[in-house]
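There are 2 protein chains.
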Amino acid sequence: MTAVNQSKKATPPPPLAEGGLRIVALGGIGEVGRNMTVFEHAGRLLIVDCGVLFPEDDQPGVDLILPDFRAIEDRLDDIEALVLTHGHEDHIGAVPFLLKQRPDLPVIGSRFTLALLAAKCREHRQTPTLIEVAEGQHSSHGPFDCEFFAVNHSIPDALAVAIRTSAGLVLHTGDIKLDQLPLDGRLTDLAGFSRLGDEGVDLFLVDSTNAEVPGFVVPEREIGPVLDGVIRKASQRVIVACFASHVHRVQQVLDVAVEHGRRVALVGRSMVRNMGIAADLGLLHVPEGLFVDLDVAMQLPSDQVLFVSTGSQGEPLSALSRMARGEHRQISIEPGDTVVLASSLIPGNENAVFGVVNGLVRLGAQVVHQGNAKVHVSGHAPAGELLFLYNSVRPSNVMPVHGEWRHLRANAALAVRTGVAEDRVVIAEDGVVVDLVDGKAQISGRVEVGHVYVDGLSVGDVGESTLSDRLVLGEGGFISISVAVQSSTGRAVSPPTVSGRGFSDDPKALDQAVALVEMELSRTEAEGITDPHRIAQAIRRVVGRWVADTYRRRPMIVPTVIPV
Amino acid sequence: MTAVNQSKKATPPPPLAEGGLRIVALGGIGEVGRNMTVFEHAGRLLIVDCGVLFPEDDQPGVDLILPDFRAIEDRLDDIEALVLTHGHEDHIGAVPFLLKQRPDLPVIGSRFTLALLAAKCREHRQTPTLIEVAEGQHSSHGPFDCEFFAVNHSIPDALAVAIRTSAGLVLHTGDIKLDQLPLDGRLTDLAGFSRLGDEGVDLFLVDSTNAEVPGFVVPEREIGPVLDGVIRKASQRVIVACFASHVHRVQQVLDVAVEHGRRVALVGRSMVRNMGIAADLGLLHVPEGLFVDLDVAMQLPSDQVLFVSTGSQGEPLSALSRMARGEHRQISIEPGDTVVLASSLIPGNENAVFGVVNGLVRLGAQVVHQGNAKVHVSGHAPAGELLFLYNSVRPSNVMPVHGEWRHLRANAALAVRTGVAEDRVVIAEDGVVVDLVDGKAQISGRVEVGHVYVDGLSVGDVGESTLSDRLVLGEGGFISISVAVQSSTGRAVSPPTVSGRGFSDDPKALDQAVALVEMELSRTEAEGITDPHRIAQAIRRVVGRWVADTYRRRPMIVPTVIPV
Numbered sequence: 001m002t003a004v005n006q007s008k009k010a011t012p013p014p015p016l017a018e019g020g021l022r023i024v025a026l027g028g029i030g031e032v033g034r035n036m037t038v039f040e041h042a043g044r045l046l047i048v049d050c051g052v053l054f055p056e057d058d059q060p061g062v063d064l065i066l067p068d069f070r071a072i073e074d075r076l077d078d079i080e081a082l083v084l085t086h087g088h089e090d091h092i093g094a095v096p097f098l099l100k101q102r103p104d105l106p107v108i109g110s111r112f113t114l115a116l117l118a119a120k121c122r123e124h125r126q127t128p129t130l131i132e133v134a135e136g137q138h139s140s141h142g143p144f145d146c147e148f149f150a151v152n153h154s155i156p157d158a159l160a161v162a163i164r165t166s167a168g169l170v171l172h173t174g175d176i177k178l179d180q181l182p183l184d185g186r187l188t189d190l191a192g193f194s195r196l197g198d199e200g201v202d203l204f205l206v207d208s209t210n211a212e213v214p215g216f217v218v219p220e221r222e223i224g225p226v227l228d229g230v231i232r233k234a235s236q237r238v239i240v241a242c243f244a245s246h247v248h249r250v251q252q253v254l255d256v257a258v259e260h261g262r263r264v265a266l267v268g269r270s271m272v273r274n275m276g277i278a279a280d281l282g283l284l285h286v287p288e289g290l291f292v293d294l295d296v297a298m299q300l301p302s303d304q305v306l307f308v309s310t311g312s313q314g315e316p317l318s319a320l321s322r323m324a325r326g327e328h329r330q331i332s333i334e335p336g337d338t339v340v341l342a343s344s345l346i347p348g349n350e351n352a353v354f355g356v357v358n359g360l361v362r363l364g365a366q367v368v369h370q371g372n373a374k375v376h377v378s379g380h381a382p383a384g385e386l387l388f389l390y391n392s393v394r395p396s397n398v399m400p401v402h403g404e405w406r407h408l409r410a411n412a413a414l415a416v417r418t419g420v421a422e423d424r425v426v427i428a429e430d431g432v433v434v435d436l437v438d439g440k441a442q443i444s445g446r447v448e449v450g451h452v453y454v455d456g457l458s459v460g461d462v463g464e465s466t467l468s469d470r471l472v473l474g475e476g477g478f479i480s481i482s483v484a485v486q487s488s489t490g491r492a493v494s495p496p497t498v499s500g501r502g503f504s505d506d507p508k509a510l511d512q513a514v515a516l517v518e519m520e521l522s523r524t525e526a527e528g529i530t531d532p533h534r535i536a537q538a539i540r541r542v543v544g545r546w547v548a549d550t551y552r553r554r555p556m557i558v559p560t561v562i563p564v
Numbered sequence: 001m002t003a004v005n006q007s008k009k010a011t012p013p014p015p016l017a018e019g020g021l022r023i024v025a026l027g028g029i030g031e032v033g034r035n036m037t038v039f040e041h042a043g044r045l046l047i048v049d050c051g052v053l054f055p056e057d058d059q060p061g062v063d064l065i066l067p068d069f070r071a072i073e074d075r076l077d078d079i080e081a082l083v084l085t086h087g088h089e090d091h092i093g094a095v096p097f098l099l100k101q102r103p104d105l106p107v108i109g110s111r112f113t114l115a116l117l118a119a120k121c122r123e124h125r126q127t128p129t130l131i132e133v134a135e136g137q138h139s140s141h142g143p144f145d146c147e148f149f150a151v152n153h154s155i156p157d158a159l160a161v162a163i164r165t166s167a168g169l170v171l172h173t174g175d176i177k178l179d180q181l182p183l184d185g186r187l188t189d190l191a192g193f194s195r196l197g198d199e200g201v202d203l204f205l206v207d208s209t210n211a212e213v214p215g216f217v218v219p220e221r222e223i224g225p226v227l228d229g230v231i232r233k234a235s236q237r238v239i240v241a242c243f244a245s246h247v248h249r250v251q252q253v254l255d256v257a258v259e260h261g262r263r264v265a266l267v268g269r270s271m272v273r274n275m276g277i278a279a280d281l282g283l284l285h286v287p288e289g290l291f292v293d294l295d296v297a298m299q300l301p302s303d304q305v306l307f308v309s310t311g312s313q314g315e316p317l318s319a320l321s322r323m324a325r326g327e328h329r330q331i332s333i334e335p336g337d338t339v340v341l342a343s344s345l346i347p348g349n350e351n352a353v354f355g356v357v358n359g360l361v362r363l364g365a366q367v368v369h370q371g372n373a374k375v376h377v378s379g380h381a382p383a384g385e386l387l388f389l390y391n392s393v394r395p396s397n398v399m400p401v402h403g404e405w406r407h408l409r410a411n412a413a414l415a416v417r418t419g420v421a422e423d424r425v426v427i428a429e430d431g432v433v434v435d436l437v438d439g440k441a442q443i444s445g446r447v448e449v450g451h452v453y454v455d456g457l458s459v460g461d462v463g464e465s466t467l468s469d470r471l472v473l474g475e476g477g478f479i480s481i482s483v484a485v486q487s488s489t490g491r492a493v494s495p496p497t498v499s500g501r502g503f504s505d506d507p508k509a510l511d512q513a514v515a516l517v518e519m520e521l522s523r524t525e526a527e528g529i530t531d532p533h534r535i536a537q538a539i540r541r542v543v544g545r546w547v548a549d550t551y552r553r554r555p556m557i558v559p560t561v562i563p564v
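These protein sequence lines map, in sequence, to chains A and B. For reference, each letter of the first sequence is one residue, going 1 to 564 in the UniProt record's numbering. For reference, each letter of the second sequence is one residue, going 1 to 564 in the UniProt record's numbering.
One thing to keep in mind: the hints can contain errors.
Not the full set, but computed from the structure, chain A residues with beta-carbon under 7 Å of chain B [claimed, not checked]:
id, residue
1, L473
2, G476
3, R501
It should be emphasised that the hints constitute simulated quantities derived from the structure, not laboratory data. We put the CB at the ideal spot given by N, CA and C, even for glycine.
Chain A extracted, bound-state conformation (with noise of 0.2 Å):
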């Protein structure tokens, strides 16, 4: 298999081949997140999914990291739509980002990804063009022919697309997987799959999240069982927590309610607010007077109750880290409740999580979560699952989407392992341009792909420069000192003024400091020494050494010298 060198230097690519499909990701390989593909032919361009990528902890502060547009950002009335395979944040978060600049974009996709999509646009006091399509449907968008096909995952109605131009057939699955008795009866659409492998596949573009695990997913709907068996027990209050997008998740969970005569209430903003979608497209199936308010379900008796939140990923302002804390303004946890995590444990999230788990417990609950009991499967298809796409589609060439490099890896090596030739998968991070001209793909250049941060109401200001300082403060917090010296002579007219914050809690940390900084200003203005620049690089000098041999730590040192 071929692979990008290790530079992440831009090489810029030499102008696509006549009649060649050029490929590149602007997010989503290499991570976990912020998918998006751009597809360029024929001087067009069409863009598969818009997401967001989560920051992690070497991210402080950051709440979002879009794609980045750069690369597109010369070329918007290029492009001909943008195909959002399902509703997921990672597949969709960017779109508000992308429409503001360029409104008009053409947004295609299915009617509950519609409709997810339409909710955060207005949330954005957007309106955009929105394309509903089905399985089985075709959309034409300049020399791009789109086909859909019905694919099954952790949300209802994501689809694969299939886009066909002059270049050739490529297959893109999304986020997929193949379970075989699926809730809502919507297979991943295999036969499918193969009548495209037998009209010949050029390019297939590959989920790989899952590529390391072997074997097969567990149907969902043994999920329900397991969710019965918790619930017949349990004899006070029930919450079960899990992601506020798994329609088929929350829909098992209200079945088991309806079993044991326990009423639903919803907690958390983007469950209200999803569910009330998913039933209102006839999604999720809600029988009449099941759920109730809050205020409601508050009232009842807490055999007759049953919560679904929010907050399963230990978000610290959920609901339920908050009734971990026993700071939930309604709902506080008894002994003997029953709390149920029915859902994934991202990595990066286990302490969050864990110390929810904690704090359930200490308050007497029984928790109930995917270390536990099988109450949790995953959405992504594992290696087992890939090898089956694979023989369906039988592609001429690879290329791994959606992971990590130790993800790319695996699926390019089961890719090989199906019989696709070696040099014929290409593992192409973020950036990496790859070039599909007569029937063979190959990388032909990369293009510059940073993080672009979201920081509160701005985008893009907050760089690596301040994520770097933030750290730095972060770890060492940071002692100030300032004064004011006599524009003429450089003497100080006050003694200076050092204080620190995230240093120390001994109010007296500093008290030597402030004498080595009186030193160094007679020094300096002994020697002559005016500009304050200069004097305030000759405090940073002399603190930062006395901090470090004193202390052994590094906070940030930040001298201030006003002339006045």
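Based on the hints, put chain B in the right spot on chain A.
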């Protein structure tokens, strides 16, 4: 089972009943790490273990967390001895900090445990009083008679300790598992525990770490053949990362290296030090000439060398992390190299570890880890093994130790299932005082136990207030505003200096704020405000409001007003 009420406030216990035994954990219960349990009888104290805890995300910049010694600081002279169960950092890491307060404290432990402690104390320039014991031996310390039992764990030479006083017989497992085919043939002494059970164990303190995990741990020795399979297939260099104290794991790596004609270089200071100690004590068997220096190893053909390295938890400064980033001075990863992470994945380290894995995979290495091969087994007894312990010991009272709340509850439930009366299972998190009187263990109060942070050279001056500032600074950076004002009039004598760090990459981000501060200074001057503190407050208010409205961010606002 009984547990403390949910408040963490101190409620001093009544004086200990005559002839009773008092137990209080100053660390290690309700958390995984900094294990330290204090036993009091007849006015004298015995301490079991004195370890450190490693900080989490909400404790930035902290190096280590110590047990809280406040409860014993007035009674240092009452301490008869410190017993160490084994040599892991979470059991011995805080000993130098306790010795600083009581340098002559006798420290009791097995040969390997004391050798590791001695090495640690040398770094602190301490020469403690060490008393070596072995399984089957007794040692007497004031009113406490200790008897030691062999236990199997992920480090050699671990001990459980039975403590006899006139109050009864207490058995403390330390960290324990029940490998029935241990590599060194040193079984956990279940027969000895059964004899204690016959005698009558009044209180059993039991390792809870794996109580949530069903079943049994696979024998350590089954890892050898897996490593053999991996290394047999490797045609280039092999790097195995594991914990630097896991002598039996390293032994198996060495055995496989010999089998395949590879010489071995140890990488990482603690790996070199600990394996040196283990070899000296005859715990690690190293064939003559197997070990080579790193420089020599770099000259060997790639299929004749194997590196045993630290860094299995993704520590950013470790050799393995540097290799993954392509920054190691000597070892650069080549496509086709094999890296084995023969280690657990400690919760909270997932992102760091997978970051290392992705870096290595990206460079072309094949990475084997516990997610894709059986290259690690746990050192702690899961539920199945704990049942064996309870049924051998048949304790009257049980106190789960070593674990978060979820582990403690699960362990308590196991005790109850083996027939321990519910009201004789005491969950007592750090600081909760348990009295064993007339054969019954009961909670009698609570002492205050906080986190004691080591940051650089200082202990204890970094507390919750400093950490809270660091968290704010780490999320949003700060904006500092410095201005010199005439002390008589409050008039600014120069334009204010406004600057931010960790706030924005945009150099113009704060331009508007300067004008706002100037306006505010005119206002305070006009109102005749000359108090620097009040002027600073006014500046903080106006800048804080502006930044929240404009950016929806929460940097720390740091005004300094210098009267001249």
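Index of numbered hints that the structure contradicts, given in increasing order: none
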